[in-house]
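Put together the whole structure using the sequences plus the hints.
There are 6 protein chains.
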Amino acid sequence: MIPQTPPIVDELINMALAEDLGNGDITTRLCVPEDAMANGMVIAKESLIVSGIDVFIEIMKKIDNSIQVTLETEEGKTVKKGEKIAIVKGKASSLLMAERVALNYLQRLCGTATLTKKYIDASGVSASKVRLADTRKTTPGMRYLERRAVISGGGFNHRVDLGGGILIKENHIEAAGSLEKAIEQCKKYGSHPLKIEIEVKNRDELLRALDAGADIVMLDNMTPAEVKECINLAEGRAILEASGGINLDTVHGFAQTGVDVISVGAFTHSAPCCDISFIIELIK
Amino acid sequence: MIPQTPPIVDELINMALAEDLGNGDITTRLCVPEDAMANGMVIAKESLIVSGIDVFIEIMKKIDNSIQVTLETEEGKTVKKGEKIAIVKGKASSLLMAERVALNYLQRLCGTATLTKKYIDASGVSASKVRLADTRKTTPGMRYLERRAVISGGGFNHRVDLGGGILIKENHIEAAGSLEKAIEQCKKYGSHPLKIEIEVKNRDELLRALDAGADIVMLDNMTPAEVKECINLAEGRAILEASGGINLDTVHGFAQTGVDVISVGAFTHSAPCCDISFIIELIK
Amino acid sequence: MIPQTPPIVDELINMALAEDLGNGDITTRLCVPEDAMANGMVIAKESLIVSGIDVFIEIMKKIDNSIQVTLETEEGKTVKKGEKIAIVKGKASSLLMAERVALNYLQRLCGTATLTKKYIDASGVSASKVRLADTRKTTPGMRYLERRAVISGGGFNHRVDLGGGILIKENHIEAAGSLEKAIEQCKKYGSHPLKIEIEVKNRDELLRALDAGADIVMLDNMTPAEVKECINLAEGRAILEASGGINLDTVHGFAQTGVDVISVGAFTHSAPCCDISFIIELIK
Amino acid sequence: MIPQTPPIVDELINMALAEDLGNGDITTRLCVPEDAMANGMVIAKESLIVSGIDVFIEIMKKIDNSIQVTLETEEGKTVKKGEKIAIVKGKASSLLMAERVALNYLQRLCGTATLTKKYIDASGVSASKVRLADTRKTTPGMRYLERRAVISGGGFNHRVDLGGGILIKENHIEAAGSLEKAIEQCKKYGSHPLKIEIEVKNRDELLRALDAGADIVMLDNMTPAEVKECINLAEGRAILEASGGINLDTVHGFAQTGVDVISVGAFTHSAPCCDISFIIELIK
Amino acid sequence: MIPQTPPIVDELINMALAEDLGNGDITTRLCVPEDAMANGMVIAKESLIVSGIDVFIEIMKKIDNSIQVTLETEEGKTVKKGEKIAIVKGKASSLLMAERVALNYLQRLCGTATLTKKYIDASGVSASKVRLADTRKTTPGMRYLERRAVISGGGFNHRVDLGGGILIKENHIEAAGSLEKAIEQCKKYGSHPLKIEIEVKNRDELLRALDAGADIVMLDNMTPAEVKECINLAEGRAILEASGGINLDTVHGFAQTGVDVISVGAFTHSAPCCDISFIIELIK
Amino acid sequence: MIPQTPPIVDELINMALAEDLGNGDITTRLCVPEDAMANGMVIAKESLIVSGIDVFIEIMKKIDNSIQVTLETEEGKTVKKGEKIAIVKGKASSLLMAERVALNYLQRLCGTATLTKKYIDASGVSASKVRLADTRKTTPGMRYLERRAVISGGGFNHRVDLGGGILIKENHIEAAGSLEKAIEQCKKYGSHPLKIEIEVKNRDELLRALDAGADIVMLDNMTPAEVKECINLAEGRAILEASGGINLDTVHGFAQTGVDVISVGAFTHSAPCCDISFIIELIK
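Those protein sequence lines, which keep their order, are chains A, B, C, D, E and F.
If you read the first sequence in the numbering used here, its first letter stands for residue 982, the second for the next number, and so on.
If you read the second sequence in the numbering used here, its first letter stands for residue 982, the second for the next number, and so on.
If you read the third sequence in the numbering used here, its first letter stands for residue 982, the second for the next number, and so on.
If you read the fourth sequence in the numbering used here, its first letter stands for residue 982, the second for the next number, and so on.
If you read the fifth sequence in the numbering used here, its first letter stands for residue 982, the second for the next number, and so on.
If you read the sixth sequence in the numbering used here, its first letter stands for residue 982, the second for the next number, and so on.
Do not take every clue at face value.
Heads up, the list lumps identical chains together, so a pair's fine if it works in one copy or across two of them.
DSS-like mimics (lysine-lysine), calculated; alpha carbons at most 25 Å apart, straight line [unchecked claim]:
hint : residue 1 : residue 2
1    : Lys1209   : Lys1099
2    : Lys1182   : Lys1265
3    : Lys1209   : Lys1168
4    : Lys1150   : Lys1070
5    : Lys1042   : Lys1265
6    : Lys1065   : Lys1026
7    : Lys1168   : Lys1110
8    : Lys1168   : Lys1099
9    : Lys1058   : Lys1099
These are computed hints drawn from the structure, not numbers from a lab.
As structure tokens, this is what we get:
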């Protein structure tokens, strides 16, 4: 069964279609006969993790509901270089008009899923042992889809938004008066389904956070050695999360510390697009 | 004077705010007193080209219209590592709530402008001699802003959308019957303000395109040597554009051929975010 | 300083204005001279907790930006019968056009805040000891504002949405295979900032949930006596939440058990509007 | 045939879905296998008048177009406690995701229809003899649906909005100069398809309104005895409408006067939600 | 004081701006220095009735909030050929970008107001004696503004929409069973603030409609002579409205009959744009 | 196959439906039984060129997806007076509710197509020899559809928007410093797929524009004789476009000059609606 797009992504799809097709497609109008039919193949030009194929389909259908899509894979699967992701059939003019917007989504989302997978591979640790989590550094309008792509790539999601998680940072501490007061406020007045996470810069703050009852402690911009030391100090009293300075070169070192969570902004703010081509062939 | 955001970007800003703040900011509510005031500094953590500072301001104002922003630079300028981009003043809670969404825009757009500049530098040729142009491979919802970022980085814009330029590709040719027929159709029924561009794969097609009266010929996936040969063959009869396989390593070779335009998808589909920090200090 | 409306509520305000003023105000056009000025007073006709005064202001300003509003109270404060909430000044025609939509918001949100307060008073326990929390049974489009109104009335917020909290219900258990498997899945693949809550129907399920490591256990449709028994059984191993069958008559009994949280759908699904009048006087 | 949602309600449905599902459903994702199928039954937990079943269906379909809904009743019908409203079949994950938003609508709209019916029953008079009418005190974004629910409950609609009816209130009179001038202005420049209604506070104003040619006179905040007296005075020269202070206890007294219309804000501003459950059973 | 745009028109303004400026203004970017200032004059190139000047201002402000507008006239006034409507001052680039969209609105709305006035002049009767009314044949998205323009031109508004007036047409009669039954249904179940209008084709139907108690009778596609005869027959028992076949040549004949209302679709469906120029002068 | 509406027009259709049906259709509700079925015929009451039939269908389907539409013609075809455009079948109530909004679109778009054809006929020259082109003077929200209607009527499209074409006008020249500098700037920094067009007022400016390398020269407000002289002067060095003062009386004279393009604002700003009726017959 063809997967259905989550309702939330509809508005951004409409914006993207308006950007590219708001004035029609003059070349296709001038060159392609109305009744010309075509097949299209979506092919991976590099090994990748699939994400966003439902959005690809939705865009095709928005342009022309009679386009037929046959999936050769599904969300979260690995596709090797040269393999097919989907086969499409419909009016040639419709395929040409939908191609770019549909690929713009698919390439980005596969990019995020694939980069997540690369980090996990680079970490040298199974994802269930050390979690690699995303951040709120997402592309405007794409948070839902990018978070799903991270999951599809084997990563984990951090808090959904500023209302769906408590994360006390330096400024919050300063405004509250002290680390202890900030945690106390959150314990007293926070939402009970949310754990309390706090960002610390050093060993001293870590110990104070643990004593104050933090559920999660974010170790900000520490070296793997410092993270390791914090893990020893914490003695399992809280979930520890390493953050800052994580990249494909350093992730292995952090993962080897055995820290519970490593959060990586790059999944959603700097993933390059995957190379995917859409080959259209006219049916004679 | 503080620059005003183009009306077109408003809808996506609203989506981005809804994504992050649609459920409020629980941590800030719990820790930051309503009357706490703060200063904020937007600082480049790497050398970059500024783009999107108007969107940054707009987001601040949407959260809290009383936030004051003082710009230390402007759209298109270079800012060195450690230099200030803007100074912000307002309620601490407002700055904390606006920070992430505002940075998500600014970091992406500076990323696009800065990558464009890197390509120009790597090309070894002045931008006015060989144009580096963007493509339609833009982030959904961000086309207007990303195209502007390319300009700010010293690049050029390709056609705005499928209605704002004629670009005959392989499938159009096939559907029209022949390269010559495709060009003839476009000449006969196209919009007179638009030049006619056609994609060719080899010398033979180039010569046929020139004979048929193409205004621009896109040399698809050729080596610099092949491009050079095409330039010689064309004898100035059309604008020549190299496309495909252009990256930071290869752009120099293409630029040295003296081709008129080099189009680069990476400007808008794979630019990593710039590293920019927003340092907030409470006013005691 | 006049409070600023959260960006998220703008879309629904526009819908409400379109509903009432999309065809203009014919009576006002026919009867009220363009230059007639008026004062308006927003007066509580019953004792209430204020919520949504920022939305009231925003609606006034959308109709006529020159309307001046002076607040006599603020979000979360108690206002007694006959006391003023705000004073408004502007063109008589503008006040008459804005009145109904502005009140429709204010009366509903004060209704939610005030009902929350009534439950707390009825519980006979301080809110910090036993938390009264809202649910996802909110009015379509009003979740942000209604959740804020609950806070203003002294209550607490439950999870923001289906993505901002884990709550395992009977069907999830059945689908996962067992209570233990459901909790295990959530521990293994869930988001680390979220606690794991599970709904149980009896003592046996409670003990199994505790053994499986649930952070929060929702005691579904139990009597206060059964809740009390569960509290004793749990021995503080998890946060306990009573849910179902809570109303103004029964809340006291549940609160007396000392359960950690009592969730009440009525705050947001059945709060009657507060009686608030807007008295307009023309300035001669 | 399954009823189709009116186009106007689509935008608010999207907002409600975004509120609850904008970040996905983490519990369902973690616990419910993709291929698990389920049946769902929508059951009245109290006797009620059905309204909004089309919106319920629309929300199900937006989440998953393959969900099948079979109606057991229709808009405006009475359903007794324990009876089925609809049967639903589809993927278990889809039903769980759609449940809350779909019920939030259905419970509210049934609440409005059912409360309207209760007022009619309490009035002791057939609805065709004394009309019970709604007001503009509707929930933001829900006016269309709430007005329909009032009709389904046996009530009548008052004017659609400020442009779809002329209703001269105290401030309009004051601004126009006098009651007579206000009516004259409306007669002279109003829209001919609209009757002219005016609000009066006492016998004297009633007589002046009748003499000036009002089509409808709203008797504001009068006792049933005063209303009765006005009816005698008016001698059928205008439609008389009682307004203000009408509740389930007082409506009988007002209805017994034989007044033409009784307008009741509570239908749309204070109707409690109906108790409706959605029982999901997995198909093994 | 500069008039404020009604909230309802905002969405269409945004669409119009997106249509013209969604891809920026390349010519202005290339030719006009950022700091060039200019004055602009909005001048009537033909005698016209002003309508929509508030929308003109709003569009200017949306492009650049620092643009200053000074009005030389106001909504509903007559401006002679060569006279100024408004004076504008601001950045030259902003004026050039806003010009076309702002004029597109102003020219259309003045067109509607002016055509309405021409019909009134052609009718040879004062508007207060025979009302010239608009219809629902409005431009998609422009109903609010076009109805206002009709008022500004001296005309009257018919019902606001399908919910804001009862108008029984031939098909309604047929579906109801008979003319009498249709009127009876509407009397029994309609909204009390609405009059009942019915369309008739001949004398017989007119008499039946009057006997059944219609408030307004629309005389469909009759000649002035037939209309006159109907007026005599009706003896003032209902408002009579002539409809169909009314144009600038025939309106005089219909108006001379003394019919109460003449409805004219052309006001809103076929009004040519007024000729208005926007002369920009750079400030040296 | 029934044509599919371009995605871009959806938003305006929703606005138009909200305008007319946002409050339901009271007359149809009161008079038309739910199960009454009907046939409808869309008939041309004058000879016309069809445009927008896909939008007509889309509106029908939005009201009631079970309505069946059979087309008797297609976009761009000529339909004679009395001929059918489409046959529709469905619930009588649905047809009555959809009728007006659907016709409002169809009549306008046929109006634009038909007026375009009248200009071509009046020009006395085949469209392929002298192009008649539209302008940016389009109805707010309707640009996409109106431009398509112009094509359907045999005309040509000018630039899509301010970003999709370079057109240097008097103010741009003045701001740039000189005609030559303006063209030079555009050549140097413009988008390579766009030709450079410049507006000139006289022979001298024409020659300077040609020397500076303009691709297209707009001859502003010249007489046919002046245009003819310019054609002789230009000697084919640029595309020449006549603009200003073109109407149905004068277009022949301009066309006889052999100028390349004649641009006509009236196509989109002053086309009267076509007379089209929708005859509904109940099925007994």
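- With 25 Å as the alpha-carbon cut-off, assign the pair Lys1065 and Lys1026 to within, between, both or neither. within (9 Å within a copy, 41 Å between copies)
- Query: Taking 25 Å as the upper bound on the Cα-Cα distance, should Lys1042 and Lys1265 be classified as within, between, both, or neither?
  - Reply: within (23 Å within a copy, 33 Å between copies)
- Classify it for me, Lys1168 with Lys1110: is the Cα-Cα distance of at most 25 Å met within a copy, between copies, both or neither? Only across copies: Lys1168 and Lys1110 sit 12 Å apart there, 28 Å inside one copy, limit 25 Å.
- Task: Pop the pair Lys1209 and Lys1099 into one bin, within, between, both or neither, using alpha-carbon distances up to 25 Å.
- Result: within (23 Å within a copy, 38 Å between copies)
- Using 25 Å as the alpha carbon limit, work out where Lys1150 and Lys1070 are close: within a copy, between copies, both or neither. The answer is between: 19 Å across copies meets 25 Å, while 52 Å in one copy does not.
- Please work out whether the CA atoms of Lys1182 and Lys1265 approach to 25 Å or closer within one copy, between two copies, in both situations, or in neither? between (67 Å within a copy, 22 Å between copies)
- Message: Please sort Lys1209 with Lys1168 into within, between, both or neither, judging by C-alpha distance up to 25 Å.
- Response: Classified as between: cross-chain Cα gap 23 Å, same-chain 28 Å, threshold 25 Å.
- Query: At most 25 Å between C-alpha atoms: does Lys1058 with Lys1099 qualify within a copy, between copies, both, or neither?
  - Reply: within (14 Å within a copy, 35 Å between copies)
- Task: Pop the pair Lys1168 and Lys1099 into one bin, within, between, both or neither, using alpha-carbon distances up to 25 Å.
- Result: between (37 Å within a copy, 24 Å between copies)
Hint violations for this structure: none, all hints satisfied.
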